[in-house]
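Visitor: Start from chain B and add chain H according to the hints.
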Amino acid sequence: MTPLLSQCLLHMGEDHHSLEDYEGGVPRWCNGCGDNAILAAVQRLCRGEDLSLEHTVFVSGIGCSSRFPHYMGTYGFHGIHGRAFPIAEGIKMARPDLNVFVNTGDGDCCSIGAAHWIHAVRYNMNLTVLLHDNFVYGLTKKQASPTSPKGLRSNTTPRGSYLDPLNPLSVTLGVQSASFVAQAVDWIPQVLYDIIAAAHRHRGFSFVRVIQRCPEFMPGMLDPWLQDPSKTLLLTHENGLQLAPELSRIYTNHREHDPLDIDAARRLACSDDEIPVGILYCNPEVPCYEELRGAGQARPADRIRASLEAELDKFTVWPAGVERAAA
Amino acid sequence: MTMEQTGEFQGQIAFHLTGAPGGHLEPVDAPVRPALLAPYRDLAALRYDYPVVLVEDSTDDACVCSLTALVDDLLRDSAPRGTEGERVRRAVLRAEREIRRLLAAGARGTLSDLWARAAPHLAEEVDHLKVDGVLADCDHELPRRVIDHAWRSVQRQKAWRFHADVDRLVQALSDVLRAAFIHSEPGRRPESLEAAFGSLHRDQFDFEMMSRLLGRSAPRDELPADRRERIEWALEVLRRQRFFDPPHGAELAQSAAPPFEYRFSSCADAIEAFRERLPNVVEFVKAMSIAELEAEGRYVSSQHDAFFQSFDENSLSRDDLARFPDYLVSVHGDESGAVIDLLSSGLPVKVLVETEELLAPEHFGVHLRSTQLASTVIGLMDVFAFQATSSSLYQLRERLLAGLRYTGPTLLSVFSGTAAPSSDLPPYLLSAAALEGRAFPAFTYDPTAGPDLASRFSVDENPQPELDWPLAPLEYADASLQRVVEEVPFTLVDFAACDRRYARHFARISREHWSDETVPVDEWLALHPAEAETRVPHVLVVDETDRLERLIVDARLMHAARRCRELWHGLQELGLAHLRVEPAPVDEAVGESVAEEPEAEVVVQAAADDPWIETPRCSTCNECTGINDRMFAYNDNKQAYIKDPDAGSFRELVEAAESCQVAVIHPGRPRNPHEPGLEDLIERAKAFQ
Numbered sequence: 001m002t003p004l005l006s007q008c009l010l011h012m013g014e015d016h017h018s019l020e021d022y023e024g025g026v027p028r029w030c031n032g033c034g035d036n037a038i039l040a041a042v043q044r045l046c047r048g049e050d051l052s053l054e055h056t057v058f059v060s061g062i063g064c065s066s067r068f069p070h071y072m073g074t075y076g077f078h079g080i081h082g083r084a085f086p087i088a089e090g091i092k093m094a095r096p097d098l099n100v101f102v103n104t105g106d107g108d109c110c111s112i113g114a115a116h117w118i119h120a121v122r123y124n125m126n127l128t129v130l131l132h133d134n135f136v137y138g139l140t141k142k143q144a145s146p147t148s149p150k151g152l153r154s155n156t157t158p159r160g161s162y163l164d165p166l167n168p169l170s171v172t173l174g175v176q177s178a179s180f181v182a183q184a185v186d187w188i189p190q191v192l193y194d195i196i197a198a199a200h201r202h203r204g205f206s207f208v209r210v211i212q213r214c215p216e217f218m219p220g221m222l223d224p225w226l227q228d229p230s231k232t233l234l235l236t237h238e239n240g241l242q243l244a245p246e247l248s249r250i251y252t253n254h255r256e257h258d259p260l261d262i263d264a265a266r267r268l269a270c271s272d273d274e275i276p277v278g279i280l281y282c283n284p285e286v287p288c289y290e291e292l293r294g295a296g297q298a299r300p301a302d303r304i305r306a307s308l309e310a311e312l313d314k315f316t317v318w319p320a321g322v323e324r325a326a327a
Numbered sequence: 001m002t003m004e005q006t007g008e009f010q011g012q013i014a015f016h017l018t019g020a021p022g023g024h025l026e027p028v029d030a031p032v033r034p035a036l037l038a039p040y041r042d043l044a045a046l047r048y049d050y051p052v053v054l055v056e057d058s059t060d061d062a063c064v065c066s067l068t069a070l071v072d073d074l075l076r077d078s079a080p081r082g083t084e085g086e087r088v089r090r091a092v093l094r095a096e097r098e099i100r101r102l103l104a105a106g107a108r109g110t111l112s113d114l115w116a117r118a119a120p121h122l123a124e125e126v127d128h129l130k131v132d133g134v135l136a137d138c139d140h141e142l143p144r145r146v147i148d149h150a151w152r153s154v155q156r157q158k159a160w161r162f163h164a165d166v167d168r169l170v171q172a173l174s175d176v177l178r179a180a181f182i183h184s185e186p187g188r189r190p191e192s193l194e195a196a197f198g199s200l201h202r203d204q205f206d207f208e209m210m211s212r213l214l215g216r217s218a219p220r221d222e223l224p225a226d227r228r229e230r231i232e233w234a235l236e237v238l239r240r241q242r243f244f245d246p247p248h249g250a251e252l253a254q255s256a257a258p259p260f261e262y263r264f265s266s267c268a269d270a271i272e273a274f275r276e277r278l279p280n281v282v283e284f285v286k287a288m289s290i291a292e293l294e295a296e297g298r299y300v301s302s303q304h305d306a307f308f309q310s311f312d313e314n315s316l317s318r319d320d321l322a323r324f325p326d327y328l329v330s331v332h333g334d335e336s337g338a339v340i341d342l343l344s345s346g347l348p349v350k351v352l353v354e355t356e357e358l359l360a361p362e363h364f365g366v367h368l369r370s371t372q373l374a375s376t377v378i379g380l381m382d383v384f385a386f387q388a389t390s391s392s393l394y395q396l397r398e399r400l401l402a403g404l405r406y407t408g409p410t411l412l413s414v415f416s417g418t419a420a421p422s423s424d425l426p427p428y429l430l431s432a433a434a435l436e437g438r439a440f441p442a443f444t445y446d447p448t449a450g451p452d453l454a455s456r457f458s459v460d461e462n463p464q465p466e467l468d469w470p471l472a473p474l475e476y477a478d479a480s481l482q483r484v485v486e487e488v489p490f491t492l493v494d495f496a497a498c499d500r501r502y503a504r505h506f507a508r509i510s511r512e513h514w515s516d517e518t519v520p521v522d523e524w525l526a527l528h529p530a531e532a533e534t535r536v537p538h539v540l541v542v543d544e545t546d547r548l549e550r551l552i553v554d555a556r557l558m559h560a561a562r563r564c565r566e567l568w569h570g571l572q573e574l575g576l577a578h579l580r581v582e583p584a585p586v587d588e589a590v591g592e593s594v595a596e597e598p599e600a601e602v603v604v605q606a607a608a609d610d611p612w613i614e615t616p617r618c619s620t621c622n623e624c625t626g627i628n629d630r631m632f633a634y635n636d637n638k639q640a641y642i643k644d645p646d647a648g649s650f651r652e653l654v655e656a657a658e659s660c661q662v663a664v665i666h667p668g669r670p671r672n673p674h675e676p677g678l679e680d681l682i683e684r685a686k687a688f689q
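Order-wise, the sequence lines are chains B and H. For what it's worth, our numbering labels the leading residue of the first sequence as 1, then goes sequentially. For what it's worth, our numbering labels the leading residue of the second sequence as 1, then goes sequentially.
Okay, chain B solo, but in the shape it has when bound:
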């Protein structure tokens, strides 16, 4: 295979980037916050894939996690609450050549943005979505979110929350056209990186729920899993996650899981005690909306005009005796 000349010339002028090139402002997250781990993994991914800064955009809504675009050296769009998905979809439709990431929190995605979330899964546009799930609204100083554990006492649930938490994995897996669903935890950085990298390489809507610590408002909540690696179930497969030997020794609880098996994925998503970590479902055959719609095609003005004329001609009342084709 010989590359196109124009591609050669374009690559010739390309610079290779260091991790610092992808760094934006200094993060203002609390020390110990899992967002830092996600940021580091994403910056490593950008460097590893050598993503062009001007062809990469991070979109977010509102919340702690949604400050993410500020800390990247790429383009970013800090949107409004719950609306990260439609903004990202619009960007992708207009510029399918861009690498579009969405950073959203458990409140932003699963509460006010839930309707957009469901339909974003269904549209299966080529976006990499990171759900930063710390089980609480942290930016507003501890309010219960849809994923908060039952009984959590917070500023909005002083007697403890009444409902069982919403499960973002099972919801996503229940939507038609789901094509990539994975779960990571912020305290296993290599696995976090591998999963985000697989999500980025997947062509379609890649949904990664990252379970993360909030040391400020949910201290100790995840300690049982941090202190006992056997409570973390690592899902491995030749088409999914593959573990380095040193991780295999620490995290001994593995299970072979075929990412094409959606029924098994749904069962795993509903695990209570163990946290399943890995690629639960991946189907590269699901068509992307932007491809179905031919997004990114140039539509020159003269062609648009010709199409409109052709459409309007259908409703033209031609004078008697004038042939339609001749007119």
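It should be emphasised that the hints constitute simulated quantities derived from the structure, not laboratory data. Please note that the accuracy of each hint is not assured.
[Unchecked claim] Here are some of the chain H residues that sit facing chain B, going by a computed Cβ distance under 7 Å:
(1) 164
(2) 167
(3) 302
(4) 306
(5) 310
(6) 313
(7) 635
(8) 637
[Stated by the list, open to error] Coverage of chain B stretches by chain H, computed from C-beta distances (three or more under 8 Å per stretch; other residues unrestricted):
(9) 30 to 36
(10) 40 to 48
(11) 110 to 121
(12) 180 to 189
[What the hints assert, rightly or not] Short derived list, chain H residues pointing at chain B, Cβ under 10 Å:
(13) 171
(14) 245
(15) 247
(16) 293
(17) 298
(18) 305
(19) 307
(20) 316
(21) 616
(22) 618
Every residue, glycine too, gets a C-beta built ideally from N, C-alpha and C.
Guide: Using the frame of chain B, we list chain H on its own:
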């Protein structure tokens, strides 16, 4: 053996060796056909791959559909179970049969036309047929029609990609010029500003004033002259391209030259046209490359000017050429030399070589030359070679399309099975017989299919490719009207028996003289030469009344059959069909010894006295760097390590270890024995050692 039998056998041997019939042997003067083809007298009554619909405006793999497959889809969708469904089913199948009869009688037209003629009472059903297009039966025009149609489908896909690229670049360059105009002094004149507004609120603005305000700092032209010239040149070249028809919805400008023609009937014409157009291709690729760079804002004069000044045809890559339409050249088998020259040039050509004659009766020595043409071009290594008979074109349409999509040269060698005027078989059966009898085996050599010859070359398209000759059950009634079933091979001799021109190579043995001294062709070929001399080969055929007969075969035709089998062996070996072996089982003992090896120790533990961090497990939470960023630092992966253990106190090490939520910091032993509160700190550090 009686004296009489010995005499009969001597006569058979004599015919086999000399071709001169004598004794009880009778010449074959009435039409016969191989016994295995006996059931296929009336093709119109059968449901098989043909005719096919050449689907209009298709750009995908479904550009050729079988009528039978379409009717099956139709019945699945519109014939419900039960009596009513059965009525519809029968009527639709009658319509399908009638369409075949119309085509066999010479009718031409689209599926909807012929459907309307065949079944006017089923006009509603035709709406359920998902596609429409010209119907093509398996006749002498089929290869040319199918390949021309498939080629146009592939070119349509290419045109779509080509126009998408060109439109994108034209749009991007136009935007650059438009932006420059808007920022320039002429762009900020009152009339320009007014034209940029919609009509609704136009009266609300004072464009004179707006122009004075905005125009103060506007440059005359923000684009440097050389860049403007370059962009305008590239735009002009992109817009006046003649390689593809204008896209749907756009009209060809009156002043524009018509698009180039890419279909040729001679290799020389195709090469000449390619050479004539090469300057246009070079200019266009150069314009596209410049446009890509300009659109991305990456054109650097000092770097690129010199390159583009020396840009010529040698600068073109194969993928650059693959953007343009492929040349389709249709020739007959007697242009082999020119075809090989054209294919070895590496140009993006698709050469269709139609073969109508396989076994020239007067030149057995040079027969099967078209088979050899396709085998020969495999030696060029980067030529896609596709060989098939017209009967198998539909089955092999995916490989055909792969050949047409291939970016390099492609040879499409097809036996159309029509030039045997003395054959009573329809073209479909004759070409099927050529495939079955290994006279014209199907194969594909796809240079992109893998790293070795075995994965690139395939003879799997042939019936029972693992055998010398395909076997099929022959069922007939014997003299006492008892049912007999036997496995019968279909050989080159069967293929030859289809054509009356070869009748002199056969002699009929009347049924009362059938004996074990004659053996089937495949068995005779497998005999030791010494034993073969004592046997005579025969082939089973049927006459026009479907009466089973044995014909003995002369040595000349058997020699051709032997040669045909050797060529077939060559093809099998080329595809390594015989040599494909299962991977050797893993030696269990070796496997076990490997499994028992201890895993390599990856984490290197520092000396227990020194502080250390399990860096790969660091989750970048900033706790430790927040405590002392001179002692703790991040590596290239943004994971913490101990940069300088002496840059802080043991207390800070212990506090960092306590605050690290993934517990990857190990404080070691105190480096300063005089640090206050050491006793307590050492106790707290024990949890992290």
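Visitor: Which of the listed hints are broken here?
Guide: 3, 4, 5, 6, 7, 11, 14, 18
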